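We have chain A already, so just place chain B on it with the hints.
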Amino acid sequence: MSNKAVKVLLIEDNPGYSRLIREILAEAKGSPFELECADRLATGLACLAQGRIDVVLLDLGLPDSQGLSTLVKVQAEASTVPVVVLTGLDDETLAVDAVQEGAQDYLVKGQVDSSLLRHSILYAIERKRAEEKARQLESLRELEQVRSQLLANVSHELRTPLTTIKGYSTMLLDYDRRLKHDEKQEYLSAIDRATDRMTELVDNLLDMSRLEAGLLKLEKAPARISKLLRETATDAQVRAPDHQILLELKNGLPIVNIDARRIRQVVDNLIDNATKYSKVGSTVTVEAKSQDSELVISVVDQGNGIPRENLENVFDRMFNLEHRLAQDPGGLGLGLALCKALVEAHGGRIWVESELGKGSSFYFALPQEAMTEGEAYGEKGQQSNGSHHRGRG
Amino acid sequence: MVKKGSKATVLIIEDEDDIRTFASRVLELEGYHVLQAVDGDEGLRLARQGGISLVLLDLRLPVRDGWAVLSQMKGDPELSSIPVVVFTASAAAPQRSRALAAGVADYLVKPLSAASLKKSISRILRQKRRR
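If you read the protein sequences in the order shown, they are chains A and B. Number 278 in the working numbering belongs to position 278 of the first sequence; there are no gaps in the numbering. Number 27 in the working numbering belongs to position 27 of the second sequence; there are no gaps in the numbering.
Think of the hints as simulated: they come from the structure by calculation, not from any bench. Mixed in with the good hints, there may be bad ones.
Unchecked claim - Simulated coverage check for chain B against chain A, where a stretch passes if three residues somewhere in it have a Cβ under 8 Å from a Cβ of chain A:
1) 25-34
2) 82-94
3) 103-112
All of these numbers come straight from a predicted model, not from anything done at the bench. Glycine included, each C-beta is placed from N, C-alpha and C at the ideal position.
Just chain A, same shape as in the assembly (with noise of 0.2 Å):
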């Protein structure tokens, strides 16, 4: 602190306060105070808006705000300056409340002076200053608990499909003479499919962790999303021969300002999912609708559900890690957590529904642009008269 200014901001709306608050604050001796006074909660928060402020000397009671509500909403606006609550003498209960609520100190109107004022500031603003630091240090801690448990579970799931290609290709070199061509076939083929899941598996690491940390850009293009969903589900219905896929688009479908490859790619881990959870011959269902200013695109499937204690968690990565869904979950659980982070960066929402024994309803929702379908590019030749047209798909 040493001889930089400490900004005070004094919220009270007592003008005959304030003045006398403003001399003793001139008369503190050593490290110098700027004082800046609002006579309103809402001026108050609106200086502390533009930062800047050291901490916040508070009277409770305000003509626009009354009690420890005041105090809340100071914190909320900015709750790493330290705030020293003023009270009346017969006000001090309320005052010890206000501590408890997360004020560094309080001060009893009418026993201030220049001392305890300075006294009760600075210290307010360094134990202020060590809270946070614990704060920050426990959310390191945290955060570091996660990271330690993400690499136990990539190490674990990037050693199933390496040990499918170390087995099988060992036993390839020992055993060649005794093994069958039929056998060496289905057992490189294993080899293959197990390096597509271990790329699969990096891919999906690598996206979580540009998007946790920003990096990953979308290239936004506004698109159809009929046309895509007949793609998506066209080539999802090869990947899974064994199940029907369904496409059920409503008419007069929105334009989207979408990143179309992110989306796909939110729909394709959707639709595996719903497979990969679903018996063979069983049939799952992609719809798109516009709702509520939203396009609405949902993924249904007739598998064993979700339980509902569950149901919370199933977007949240370090659940997916530690409670595996399914038998074969081909994956570190990211799947989910992925989609969720690629809807909320278009600014929409994903949630779902299920029922034990009946299926589990996946849905997200991409905010509407205002525009009429004519305007999408890379659909030129093709009708825009709004009625929906079903493609090959």
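Positioned in the frame of chain A, the structure of chain B alone reads:
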């Protein structure tokens, strides 16, 4: 090598199809009789039917995990003398110590070559015959 007519039976409990097929095929090529289970419950059921010389056990399994299978086997006088070889993707030292303390005969970390798998199984079965 195991002599003809005295084929040892190895029970493999592993949920990953490719890995189970790999282990089964290698052991079959080495002359063992192999039984396969995809989860802990099925594994225990097969073990209780008798005639098993050795269990190759994955730890992360659906329904009943490998640790539960291990403690059930060690607590069951009928099964406690069957050597268990753990075959896991977890290389962590605490896991390994815990498994050895629980009485496993060997702790194999994935990935593993066909030769290393073969060596471990034949060594454990040799030790068992000597006892």
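Legend entry - Violating hint indices (sorted, rising): none
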